[in-house]
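Given the coordinates of chain A, assemble chain R onto it according to the supplied hints.
Number of protein chains: 2
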Amino acid sequence: GPAPLAPRTRSLQRGRREPGPGRQQPDSSPGDAWDKSSSASRMPLLDTSKYSQGSVLGKVNPDLASERRTASFSVEKLTAWLDGGAEQTRIRRAVVEAIESDPVFSRENQYFQSQNERYEAAVRKAVHLQRKMHEMRWTEKGPELKYIYRALSGDVAFLLHRVFMRCISVLGSDKQIAKWIPPATQYRLIGSYAQTELGHGTYLQGLETTAVFDITTQEFILNTPKISAMKWWPGDMGRSATHAVVFAQLYVHGQCYGVHPFILQIRSLQDHSLCPGITAGDIGPKMNFEHTDNGYLMLQNVRVPKENMLNKFCEVQPDGTYIKRGSPKINYFTMTTVRISLISDEAILPLMKACTIAIRYSAVRRQSKLKPGEQEAKILDYQTQQEKLLPQLAAAYAFHFINKYLQELLNRGYREVQKKNFDNLPELHAFSSGFKALATQYCTSAVEICLRACGGHGYSLLSGLPSLYTKILASCIYEGENTILLLQTARFLIKCFSAASAGQPVPPSVIYLSAVKAGKCPAKNKLDFLSPDIYSEAYQHAAVRLVSSTAAKLQDLIQSGVKKHEAWNQCTVQLAQAAKAHCHYITVKNFAETVEKLETEAGIQKIMKHLCDLFALHGIFSNAGVFLHDGYISGAQMDMVTASYLDLLAVIRKDAVPLVDAFDFTDKSLNSALGSYDGQVYQRLYEWAQKSPTNTQSNPAYERYLKPLLHNTLSKL
Amino acid sequence: GPAPLAPRTRSLQRGRREPGPGRQQPDSSPGDAWDKSSSASRMPLLDTSKYSQGSVLGKVNPDLASERRTASFSVEKLTAWLDGGAEQTRIRRAVVEAIESDPVFSRENQYFQSQNERYEAAVRKAVHLQRKMHEMRWTEKGPELKYIYRALSGDVAFLLHRVFMRCISVLGSDKQIAKWIPPATQYRLIGSYAQTELGHGTYLQGLETTAVFDITTQEFILNTPKISAMKWWPGDMGRSATHAVVFAQLYVHGQCYGVHPFILQIRSLQDHSLCPGITAGDIGPKMNFEHTDNGYLMLQNVRVPKENMLNKFCEVQPDGTYIKRGSPKINYFTMTTVRISLISDEAILPLMKACTIAIRYSAVRRQSKLKPGEQEAKILDYQTQQEKLLPQLAAAYAFHFINKYLQELLNRGYREVQKKNFDNLPELHAFSSGFKALATQYCTSAVEICLRACGGHGYSLLSGLPSLYTKILASCIYEGENTILLLQTARFLIKCFSAASAGQPVPPSVIYLSAVKAGKCPAKNKLDFLSPDIYSEAYQHAAVRLVSSTAAKLQDLIQSGVKKHEAWNQCTVQLAQAAKAHCHYITVKNFAETVEKLETEAGIQKIMKHLCDLFALHGIFSNAGVFLHDGYISGAQMDMVTASYLDLLAVIRKDAVPLVDAFDFTDKSLNSALGSYDGQVYQRLYEWAQKSPTNTQSNPAYERYLKPLLHNTLSKL
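Chain order of the listed sequences is A and R. The opening residue of the first sequence carries number 1 in the UniProt record's numbering; numbering runs sequentially from there. The opening residue of the second sequence carries number 1 in the UniProt record's numbering; numbering runs sequentially from there.
Pulled out of the complex, with its shape left as it was, chain A reads as follows (with noise of 0.2 Å):
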């Protein structure tokens, strides 16, 4: 239906404008309008040829076209390959093409909407979104499902009532499944998941929320017995819910059994009123995220009757008897789950979006001259520039790799807890802490840098740069602050570091950390810095050192009488340090053998050897005291490093937008004016600019203020 389309949204339309990739699709309106201004023959001492040519959208700027035309490598089959075969790359493109044509899904306005606006987009985009799958015929398990909520760019409503559905999927008994999965896929209710308090997060043993068992009426009864108690930042709860899993600290008899989860009414399904005892709301505008309607909630002696406890794992029996039953051991593994989903739409995703708007934009842009006497240079011809983006375009890739290996642990680790072997699950539960730390940690910075890569037009929400940046910056705070998971990750290679020590067996990822081998750097000249052996060998001694040094202070210390926690505590800016160079390494390694396995294209192949080697010296560039620490790297062969490092800017710089145009985004997917693949950027500037409503609105300022300053009759008001 047109309903939700309201008429200052259509206004707004620029969708039918802007031609996918590769076609060409001339538009007049504007660029008419500008030709007569430019037209070289009332100026004759510039020439105005080339912009006046190029003020129409959709055509490629001729210094974008130049740099396709010398690729090194199918960009086609390079896309394909990224996206595990043409198939998918097939399914993948029918989607973003179902849901970018639909007008309902636009984000075109985006940049220009209330917190209020884009939630009420968010909304009608999620309930059209119901609509569509039925249209399309794809399904909850469809190999679409990753597509669309890619292809909606987050900006989509009840994705807490997933993790609603996820949770009681998973905690509850099948009877309490059959009771609420039904209506909630219906969304005859609407779901939210209330876990996190104002007073704590990733610890969850400190939650506050209280649910005390009263046995004469069979109920539970919940409360937020102080302040920082109140939930805060769940999604679709502050304006949205109807019901939630709310986490309580669970006292029978006065006794406390720890956090568990129960079911809970907030709003009516009638008229959406608040339900007695509950207070809830939105908790107000965030750096990003205007979309969601993150929540707070305060409950003042809400009753729910006992079967709203979620008891696949545990009940409390009408005597008020405390039944465990099962592993919860499960409960760490979806944790695990989702935390590595993340890592690819979170993080990985907005990077790359962001390497394909700022090596772009730098292909297009020209300022300052080279060489004397020539045309000014494109800014991706400066050395500083290609050392700002193109080791950001090698991390993208590096983490996509890093993404496959983690989905494929994840999936032999799912096929072992199905056979209830949980043997796996530590190691699995140290590498999503830990990558999902390197990973959220190192693509913000990325982000970042291509941000501010880009200068002033960067610093425009216009160029899409400042919505991707302030989204993936919150990837590094949810599912488990960084810093806390690189300690639990820290944890694990301690402890593994000790078995190793004293020969007992330790999972075949850390196996290395057994075999300590002293010895230098091989490398005789810059070229053996091109040999994944040479780099990863140092990765790997650099790890090591690392974990063993820490492993040895903290020992020290406890031997010297300090407490065991107190001694922890101490170490912990080392113990940080060496997950993240462990996790370092796993990813330079990886990155290396997917290489190496690349046997078919040799043209994808070659420049993927560019991007690792790059990668690699990248990191040892930037961290060289980690290398140089124990003589390992000397001083001579961190200069070759250099060397090399150096020497690879120049070279993938030829290859550097084919290779973001094999990330293959659409412009409304960029939704950038500086990223468009026709690389018009300046008229795309101007013509969002017009659109903005501090143009589309009279000025609120002049009949108040400046008027009566300028006639100077401001006195009398």
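Keep in mind that the hints were calculated from the coordinates and are not lab data. Possibly wrong hints are sitting among the right ones.
Heads up, the list lumps identical chains together, so a pair's fine if it works in one copy or across two of them.
Calculated cross-link-like contacts (lysine-lysine; reagent style DSS-like; alpha-carbon spacing at most 25 Å) [to be verified]: (1) Lys563 with Lys378; (2) Lys378 with Lys564; (3) Lys691 with Lys471; (4) Lys526 with Lys654.
Just so you know, these numbers come straight off a predicted model, no measurement behind them.
Quick look at chain R alone, frame taken from chain A:
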């Protein structure tokens, strides 16, 4: 007059509710309601006494009060010293009080406003400021001026109007000054400064706007010959300005004489409509600066009389003869002044605010346990949290002192310039470029670290941290992009190094480059690294090594046949590194000297010495490779650095809250739910969130989408 205050603004006032530091002002309205719900009688299981007492805003959280009781120095004395004397503190506080007690200047609903609303508020404040200055007898040259703009936190319009006036005063003839400055001062016109174009920022020579002299009419004809020539970014220009100084390439008889400034009217003084030939508007949403109408401007055959070219230093005579006059070197001096003056307000103050917010929050936020069985620990007690925040605190002090140093250098330079001695300008220019780059970059990263260190709550706009970050980020770009500035500093260093090597005299600040000493760091144990001589020497050694090795590489490349400009480009990554190392060295050295001179105030000197040590050792710890590279510092010595560095964290942690209290920010100037003096973070987050338009306005999605969905009547839409 009351007119400027819109009713909706008034309804959101919380101004009167916020007591200043140290004062207690109980407020009962929301606290009382809360107290009832959390009364201990209903929840005997938990100790609610602490938070039910602390729920009243203005009453200092005991966790903050305890931090203040143990200060090792007098906070008030440190504040006075930082201000430059108790009299300055008095003036500053009087200005802040006058501004903050005036409701027109309130920033309380800032986080909820749209771009249009923030622009209107900024104009309202700018207009009101004129009255206020008159009322308070503040003058443009009085000691209050700098504090006024700080107290307004930059959220005020007409800043570019001031640049417009300064530009005319510096570049205009006496006649031009007499004509334009009086009406500008009286706001009978509003000016802007139109330099940057869509296609050109830092590279001014590349500007494309043209001004052609028409000898027949004795006018200049101004044009925007292509889209990239459109003026883009000038503040106050998008919606407010009636006039602008426009920079354009001057053409006379077909010959180009380079970029010159012209005064142009762009809007009618009567009805504010655009003048003929002018297209202008707002460039749309940005990452911050929503209050500023950054604008675009397109010119089509706009004619101005000959006398509108600012002609203090050059003139076009009636017959078209072009005459240069006097020295334009003073222009460089203006640029230098601007770069140095922005360091304090745009980089250091935001960092001081971010540190205040993050450190106070970290002293009241409790999460997880340090010792088993104890109360949850303040997050400031975790080594990793200290390692995030305390080096940023030390940096805020370090840059505060380097700023004083730069101001003195600037004053000396100004006195010389007045004596027509321009000898110091290259050094001053190199300093201002390098320190603008180092300070803005360092402080931006530091603010981001503070933001991330506050977890989810830091991500809320209500924390104040996101807007501090998105604003300071721009300082890395404007007034010269940082990488380009560092390379200007590097060019100066390479020149001085060559001169020094050839035995020629060099400016005092770089004499150290001529004294290249071999040798190793003499430190024998970790305490030796608390000696300023030891670490200053290490920084000096590193700077010399980086400058000399890059100079050698440059030389080698040129001797091997690489063209000069290409050789330069191939060295820029290392040149930028060398420039940073130089500025870092000077910052450390200046900090150490400042501490040494501070003889009378023992308590303050002691804590300043700790901060200086921390700043220096953090720099070595984080850039270990630079110091290890040639073995000046050995691996074993680096372990000593690390040990001393980590020890210092625990020492400074004890004074962390007093050290930020000394910055003396009022709650209103911080505008942060996390950073207020009373530390009532949860209560304040809750109260502020309730004022969000997402709570005060009805749910825009309910009737339209949620209700039909839940009632299963969606298909009927």
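Against the structure, the hints:
Within a single copy, Lys563 and Lys378 get their C-alpha atoms only as close as 59 Å, which misses the 25 Å cut-off; across copies the closest is 19 Å, which meets it. Within a single copy, Lys378 and Lys564 get their C-alpha atoms only as close as 57 Å, which misses the 25 Å cut-off; across copies the closest is 19 Å, which meets it. In this homomeric assembly, Lys691 and Lys471 come within 25 Å of each other (Cα to Cα) both inside a single copy, at 24 Å, and across copies, at 24 Å. For a Cα distance limit of 25 Å, the shortest separation of Lys526 from Lys654 inside one copy, 21 Å, qualifies, whereas the shortest one across copies, 48 Å, does not.
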